[in-house]
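Protein sequence lines, in the order shown, are assigned to chains A and B. Following UniProt numbering, the numbering of the first sequence begins with 1 at its first residue and continues without gaps. Following UniProt numbering, the numbering of the second sequence begins with 1 at its first residue and continues without gaps.
Derived from the structure by calculation, the hints contain no laboratory data. Note that the structure is a prediction, hence the values are computed from the model and not measured. Nothing false has been slipped in among the hints.
Pairs of lysine to any residue, SDA-like flavour, derived with a Cα cap of 25 Å: (1) B:Lys21 to A:Gln37; (2) A:Lys91 to B:Ser30; (3) A:Lys222 to B:Leu110; (4) B:Lys183 to A:Asp31; (5) B:Lys183 to A:Pro257; (6) B:Lys183 to A:Val72; (7) A:Lys222 to B:His157; (8) A:Lys194 to A:Thr212; (9) A:Lys91 to B:Glu26; (10) B:Lys21 to A:Met95; (11) A:Lys222 to B:Arg111; (12) B:Lys21 to A:Pro34; (13) B:Lys2 to B:Val25; (14) B:Lys168 to B:Asp134; (15) A:Lys16 to B:Phe18; (16) B:Lys2 to B:Gln68; (17) A:Lys91 to B:His51; (18) A:Lys247 to A:Arg38; (19) A:Lys247 to A:Ile190; (20) B:Lys183 to A:Gly43; (21) B:Lys21 to A:Gly43; (22) B:Lys21 to A:Arg38; (23) B:Lys183 to A:Gln37; (24) B:Lys37 to B:Leu193; (25) B:Lys2 to A:Val72; (26) B:Lys183 to A:Ala242; (27) B:Lys183 to A:Trp65; (28) B:Lys183 to A:Ile239; (29) A:Lys91 to B:Ala55; (30) B:Lys183 to A:Ile249.
Computed footprint of chain A on chain B; a stretch qualifies when at least three of its residues, placed anywhere within it, have a C-beta under 8 Å from a C-beta of chain A: (31) 18 to 26; (32) 39 to 50; (33) 100 to 113; (34) 141 to 154; (35) 178 to 191.
In this text, a Cβ means the ideal position worked out from N, Cα and C, and glycines have one as well.
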Amino acid sequence: MLAKRLIPCLDVRDGKVVKGVQFRNHEVIGDIVPLAQRYAQAGADELVFYDITASSDGRVVDKSWVRRIAEVIDIPFCVAGGIKSVADAGKILEMGADKISVNSPALARPELINELNHSFGQQCVVIGIDSFFDVASGQYQVYQFTGDESRTQKTRWLTRDWVSEVLSRGAGEIVLNCMNQDGVRQGYDIAQLKSIRDICTVPLIASGGAGTMQHFTEVFDKADVDGALAASVFHKGIIEIAELKAKLIAEGISIRP
Amino acid sequence: MKLVIVDTGCANISSVYFAFKRLGVEASISRDAKAIKSADKVLLPGVGTAHNAMAQLQQAELIGTLQQLQQPLLGICLGMQLLTAHSMEGDVACLNLIPSEVLPMQSAGLRLPHMGWNTLHRISSHPLLRGFSDTDYVYFVHSFAVAPDQYSLAQCHYGNDFAAVIGKDNVAGAQFHPERSGKTGARLLQNFLEWQL
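Chain A with its partners taken away, still in its complex shape (with noise of 0.2 Å):
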């Protein structure tokens, strides 16, 4: 049986892994390749890292750290930030990544998840969605630049709206960052999840809120994601991966041991 993901994310800047919270206030919290490779032993079933840095600043960054992580891990992991082309895409891949996400480019020029989908297929293509509910409008807004809080600004997007386009021109898989969330660790946001469960064809996984060993029970249970990516808890040592899958194996939930 198809096993539920457990993803932890490693934000990267200059080279090295950070946490902010709320997209703020960065700390250094290691190397990457190390981190990766205790990841990787630990039991994660797979590996996010975000180049928070990229999109915001419109440099063209260095990617080398792919290439000695495909090195070392031998378990799949995914490259974000600052793809902008399938040029771009292509290197990343190349070096080893097994996938790549698309943030704040694919706002800026939806027709690249078309081109990115036609050079290298759907399963390689995963987008990635800042998504931030608005109290006053009552409505999840898609927002862009979040590497970057200066530069962090609202789209024309409404989040439903987005992963439908998205969908339709051919990602292969959702990362959704409910923003509220991130890095408060009260729990994912479940009724937001849940509404784009209804319409996301493809994997979805859910990003931002996760702070308890029960967090990642209710997402699986309740919003049925495939899976569950998390950054702080499992950097700080809150959630140890063995012991959470092991209490979500007794939970019944699908989980590779």
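Here the structure of chain A is known, so what remains is to put chain B in place on it, guided by the hints.
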């Protein structure tokens, strides 16, 4: 051990190269027919579409070379699908080393692509699968698959059964990514290195 990874221009070549390096084998990556013919073992990787990959092989004039190999040949993911007679992905003729057919996955309504870790069953006693059990998880990413037939060496279930490993004579293929399937995947690659015809 002279291991050649066929340079299909596809994306997972580095991952496959590194996976063998972790097992202590330095593979060469080549699209030179002579190098491929003289290898002890040949690996056909692949990510992308069957149509593009076959076009690449044709352009490199490697189709005949691969069809005439006598030594062990292992295809991975799309590389496995290329070993069959035909793929419905782009309706393209493949290498026809194993007379199976690649079809869109019949996932009985489950989400596609089939992406993630899944278990194997009906595992044969083929040397490639030495040490495998039905509790082992391996990593899949695909939307097309080979239906189970006489050439299936192991199956996987996602809505319906499909062939996870296929083989005939000197040729075998894995639908999953052994280079990204942890220790279980490494075992398949090690078995391939030790496979004697």
